[in-house]
Amino acid sequence: MSEKKTIESNVKPANGQGPGRGPGRGRRNMGPRPKIENPGKIFKRIMGYVGKKYMFQFIAVLVLIVVSVLANVQGTLFTQRLIDDYILPLMSSPTKDFTPLLNAIVKVAIFYGIGILATFGFNYIMVYINQGTLKNLRNDLFEHMEGLPIKYFDTHPHGDIMSIYTNDIDTLRQMISQSIPQLFNSAITIVSVLVSMIMLSKALTGVTILMVIVTLVVSGKLAGLSGSYFSAQQSDLGTLNGEIEEMMHGQKVVKVFNHEEENLERFNKMNEKLYNSAFSANKIANIMMPVNAQLGNLSYVICAIVGGVFTITGVTGLTIGQLVSFLTFNKSFSMPINQVSMQFNSIIMALAGAQRVFALLDEEQEVDEGYVELVSANIDEEGNITETDEHTGKWAWKHYHKATETTTYTRLEGGIVLDGVDFGYTDEKMILHDIKLYAKPGEKIAFVGATGAGKTTITNLINRFYDIQDGKIRFDGININKIKKKDLRNSLGIVLQDTHLFTGTVMENIRYGKLNASDEEVKAAARLANADGFIRRLPEGYNTMLKGDGSNLSQGQRQLLAIARAAIANPPALILDEATSSIDTHTEKLVQDGMDKLMSGRTTFVIAHRLSTVKNSDCIMVLDQGRIVERGNHDELIEQKGYYYRLYTGNA
Amino acid sequence: MSNKVNKEEKSVLKTLLAEVKEYKFVSILTPILMLGEVAMETIIPRIMGLIVDEGVRKSELSTLYILGAVMIVAALLSLFFGVAAGVFSAKASTGFSKNLRKKMYENIQTFSFSNIDKFSTAGLVTRLTTDVTNIQNSYQMVLRMCMRAPASLICAMAMSFYISPRIASIYLIAVVLLSIVLAIIVRFAMKYFKAVFEKYDDMNASVQENVSAIRVVKAYVREDYEKSKFKKAAQNIYKMFVKAETVIVFNSPVMMLTVYACILLISWIGAKHIVGGTLNVGDLSSLLAYCMNILMSLMMLSFIFVMISMSIASGERIAEVINEEADIVNPENPVMEVKDGSIVFENVSFKYNKDAEENVLKNVQLEIKSGETIGILGGTGSAKSSLVNLISRLYDVTEGRVLVGGTDVRDYDLKVLRDQVSVVLQSNVLFSGTVYDNLRWGKHDATDEECERAARLACADEFVQKMPDKYNSHIEQGGNNVSGGQKQRLCIARALVKEPKILILDDSTSAVDTGTDAKIRKAFREDIPGTTKIIIAQRVNSIMDSDKIIVMNEGKIDAFASHEELLKTNDIYREVYEEQTCGGGDFDQQ
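These protein sequence lines are chains A and B, in that order.
For the first sequence, position 82 (counting from the first letter as 1) is numbered 85 according to this note's numbering, and the numbering increases by one without interruption.
For the second sequence, position 111 (counting from the first letter as 1) is numbered 127 according to this note's numbering, and the numbering increases by one without interruption.
Honestly, the hints are just simulated from the structure, not real lab data.
Heads up, the beta-carbon is just placed ideally off N, CA and C, and yes, glycines get one too.
Hints may contain errors.
[Stated by the list, open to error] In silico DSS-like cross-links for lysine-lysine, where the CA-CA straight-line distance does not exceed 30 Å:
no., chain 1, residue 1, chain 2, residue 2
1, B, K40, A, K272
2, B, K255, A, K56
3, B, K247, A, K55
4, A, K138, B, K247
5, B, K367, B, K385
6, A, K550, B, K40
7, A, K475, A, K488
8, A, K138, B, K245
9, A, K592, A, K154
10, A, K56, B, K486
11, A, K276, B, K40
12, B, K288, A, K99
13, B, K535, B, K482
14, B, K119, A, K272
15, A, K488, B, K247
16, B, K564, A, K592
17, B, K259, B, K288
18, A, K432, A, K489
19, A, K443, A, K401
20, B, K535, A, K272
21, A, K154, B, K243
22, B, K255, B, K245
23, B, K37, A, K550
24, A, K432, B, K486
25, B, K210, A, K550
26, A, K47, B, K255
[Stated by the list, open to error] From chain A, some residues computed to sit far from chain B (all C-beta separations above 12 Å):
no., residue
27, K47
28, L65
29, L85
30, K205
31, M273
32, G311
33, T314
34, G324
35, F329
36, Y403
37, G427
38, G536
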């Protein structure tokens with residue numbers, strides 16, 4: 004059986020991308036092979052991960068592998084002894100009694116049967132262990148990821164995060180389902196064969212092991228060489244990939260500037276370079292197999308000759324029969340050694356993948372020490388608040404005071420105060436300095452200023468996507484650090500400049516703001532946001548499927564859906580980041596209108612890009628390099644003839 | 017595994033194989049060398065047997081030496097064949113993939129805009145990389161195995177039949193049975209795997225979505241909702257993978273069952289034959305060895321089928337790019353000179369897709385004199401860009417004709433036309449390289465002075481001078497290290513380096529602040545008065561001082577007149593103007 008495995012790995016292309024992993028799983032081979040910090044520890048952790056849920060099954064697999072190897076050995080022994088022990092005696096015996104042979108065949112058939120069942124068994128269980136582990140890993144990754152702070156997503160390229168889910172998990176699949184059983188299988192075979200060999204002849208075992216060491220050294224050298232060529236190939240592939248990506252992206256510009264030939268020239272150079280490194284890498288990988296196999300044959304010849312000398316001279320007392328057996332063992336010894344060396348590459352790749360998977364799992368999650376909760380409330384005429392389980396449409400903050408062991412209720416109104424807020428994404432570089440503002444419930448506060456002044460940063464703070472370094476932010480008079488993040492975010496709506504939609508129907512996308520909303524509520528929200536009109540004109544109306552972040556909609560339409568999504572959530576406070584991109588005047592008006600309707604009656608922070616938003620704000624904050632340099636309503640600021648005036652009139 | 021190669025796949029194969037080219041020789045050599053390896057593989061066990069029977073058992077040291085030497089020679093030969101085949105197959109497959117990439121890239125360079133529109137950027141990148149790698153891997157495997165597996169199968173079969181036809185017929189039965197079972201397994205597995213990978217892509221898409229929309233997820237506190245959605249998807253993948261892989265699991269037991277059954281049957285029947293005197297002892301051990309060979313070869317064949325069928329999709333995608341025909345090509349006797357910058361549209365209608373019902377541009381009549389400055393205004397979808405794209409023949413008209421310098425654009429040499437009609441596209445990109453490198457895109461032998469003059473015209477000089485290495489500063493891929501407004505100004509400068517007769521700005525100053533925008537237009541007026549300038553803009557400010565303004569509405573020219581006239585006569589224009597007066601209204605554009 005072990006022979007079959009060799010051929011399987013032989014059949015696999017050199018870079019370990021075998022069949023069964025499917026075409027085109029992303030950027031598997033981009034970038035050079037990374038350094039692995041502590042391979043032993045990572046391996047242990049993978050095994051721990053497998054063992055956590057599948058300890059019993061895994062032990063069963065190991066046992067079954069042992070059974071199948073042993074049964075297999077019995078079978079091999081039988082074919083070896085068939086001639087000497089059964090057929091030759093049968094020929095010379097006068098009775099021609101086939102019973103011993105028949106008995107042996109039946110016995111071996113049973114062994115074989117057990118071996119087959121064991122093989123089937125461990126392969127079958129392995130599917131569940133492998134896929135189950137991968138499923139758990141995916142779930143854990145995703146669950147962990149959802150709990151990571153925004154900072155993680157802002158500081159890690161999204162492509163890298165994605166490749167953990169695709170490439171790295173894929174390499175692990177390969178390792179768990181193939182490399183580990185194979186290694187175990189080979190180890191058992193090696194040990195059992197080695198023991199048998201030592202029992203037959205220590206001297207010849209020495210010779211065999213010497214040859215194995217030679218084989219290992221040679222294949223180690225080759226593997227190292229092929230490894231360095233492979234990383235050269237990966238980096239050339241990465242360069243070419245970058246070039247292709249850049250040029251495909253700018254292909255229209257290439258056309259407009261008649262730049263085709265220059266392009267082709269550059270491309271051909273890179274293509275040639277990739278060919279050279281790919282050729283070298285594949286060459287070495289392809290050479291490895293025949294070299295190993297012939298070293299095995301060499302080992303056989305040497306043992307036969309040395310053994311022959313032994314038997315003829317009688318030095319070690321080795322008999323002919325023992326030598327014959329030894330030679331068969333020698334043959335079956337090189338096999339697993341070769342298999343182990345074939346697995347090197349994929350194990351290294353898997354460990355590198357696992358390292359990245361665990362790195363994500365080790366990222367620290369967002370912490371929440373908040374204890375103030377949002378509860379449904381009854382409010383009587385005198386303003387007394389009582390907690391209730393019913394849905395009253397009124398909400399209150401439930402605030403437990405430890406010192407006095409009392410609970411107070413504060414009505415949810417949406418008043419927001421920023422008091423001396425300092426903030427920077429890193430401690431070294433502060434973005435916002437001493438921001439002070441007071442927004443009464445229902446007020447509209449606009450932020451204006453040039454790109455990079457820190458407007459968008461403010462939106463990250465009120466809902467605690469990032470924590471501030473100094474100062475205080477209060478929501479209805481409560482420090483937001485005391486409020487449970489979940490409740491804080493539920494009471495703050497947000498419409499971002501880059502609208503993100505999800506795969507699903509239009510209906511589902513709007514309902515994202517309130518999961519239990521009825522179809523009617525969804526439509527009402529869409530009407531409020533001026534989205535109803537275009538939605539109705541979509542091929543399947545509200546049931547139109549959106550794919551790829553709503554790429555089948557225009558920027559303006561996506562914005563309208565985002566507004567509807569915020570509207571249905573009906574939060575008391577809102578943060579709006581207006582879009583700057585060129586939406587045509589008609590859609591822009593619709594968006595503006597939708598936003599205006601959404602804002603009415605809510606405390607709103609609006610990152611303003613358009614005049615109309617600013618003009619009717621209760622207060623306008625003019626930001627410059629992270630500081631509020633001017634504040635007041637439109638008329639006051641125009642009167643000041645300061646920075647705002649210059650921005651506004653375009654005479655900056 | 018019924019070998020269904022339908023017509024379409026055949027032409028895919030033909031397209032791909034045409035690119036083997038200079039690697040044909042090594043491609044043919046590899047399978048032949050593999051045959052040598054197979055021969056040695058058949059011989060070596062025989063020598064091993066002889067070493068045991070003739071050397072060891074008979075204690076003949078001299079025979080042992082001779083046989084040992086023979087075996088080492090055989091091993092060396094085998095090594096030679098194996099290594100040579102390894103090297104040649106590597107050369108053939110990597111060379112093949114190089115040629116595929118080259119051919120695709122070459123063809124992409126001939127694509128017109130409408131060809132480009134058909135393929136997405138990401139799609140083209142995948143085709144050039146992952147798909148090619150898939151093909152390279154299968155090609156290498158096919159070269160190594162396509163002769164080897166059948167040859168080894170046939171050799172072993174022939175030898176078995178030669179030794180004992182009666183016993184060999186056991187193989188025949190086994191082979192047929194095994195082929196059927198393997199075919200069924202492969203068929204089912206393929207079906208399941210295909211389904212799995214589709215779902216798998218969906219799941220990855222949803223992770224992608226979550227990563228990029230994490231702010232929305234967190235803002236709406238939908239972490240748990242997303243988790244449960246993901247869990248469901250992961251569970252589905254799990255189920256389908258298990259289904260697919262449990263089918264594969266039958267592979268090795270079925271194989272083992274067949275092998276073992278054959279071994280036992282041969283042992284039993286063989287023993288009877290030996291005792292009966294119709295078979296030699298040595299023949300029996302050979303038969304047992306061949307048994308392994310035969311079944312191994314079958315296994316290999318089934319692998320080849322799986323591998324090939326998995327790369328068929330990649331092959332199709334590659335062939336699609338190679339076979340895509342550019343729909344705009346040079347005329348036979350092209351006009352090599354553009355006389356002046358005048359533009360005429362004669363009853364032009366246009367649609368992007370031949371099968372589309374409605375035209376994007378409808379019966380457009382237009383006459384622009386050389387050196388005029390023309391503004392174009394209109395809502396999204398009013399076909400402003402479509403109109404200007406026809407001038408440099410980025411698309412071909414559906415009806416009517418477009419004349420530049422008095423000649424139909426379809427009669428010009430494409431390069432000449434596009435050098436003289438310089439377009440600054442709406443979605444514009446800079447490329448990695450220095451500022452100079454980028455500016456020289458328009459004219460690769462432009463002097464430093466020419467580049468700097470163009471940059472000054474486009475008001476790019478002021479900020480380039482502030483960059484650390486000035487014109488030698490590095491621009492990152494996509495121009496990510498300069499602001500939107502700066503990018504637009506560099507793009508305009510790049511177009512100016514060509515010194516075109518016609519300059520088209522397709523919404524190219526939207527991120528440039530009002531003041532600079534005005535400065536650029538002033539420079540145009542004063543420094544390149546002879547150039548026809550067409551400016552598409554959302555802001556009335558950017559076009560109101562043009563000689564004439566085109567107001568586009570739903571693919572038609574609603575009006576074509578000066579600012580003052582339009583204010584009086586055109587409703588659309590007046591409305592937009594009134595909305596946008598005072599300020600210009602975008603604080604981000606400073």
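**Request:** Kindly indicate which numbered hints from before are broken by the structure, ordering the numbers from low to high.
**Result:** Failing hints, ascending: 6, 9, 10, 17, 20, 23, 29, 31, 32, 33, 34, 35.
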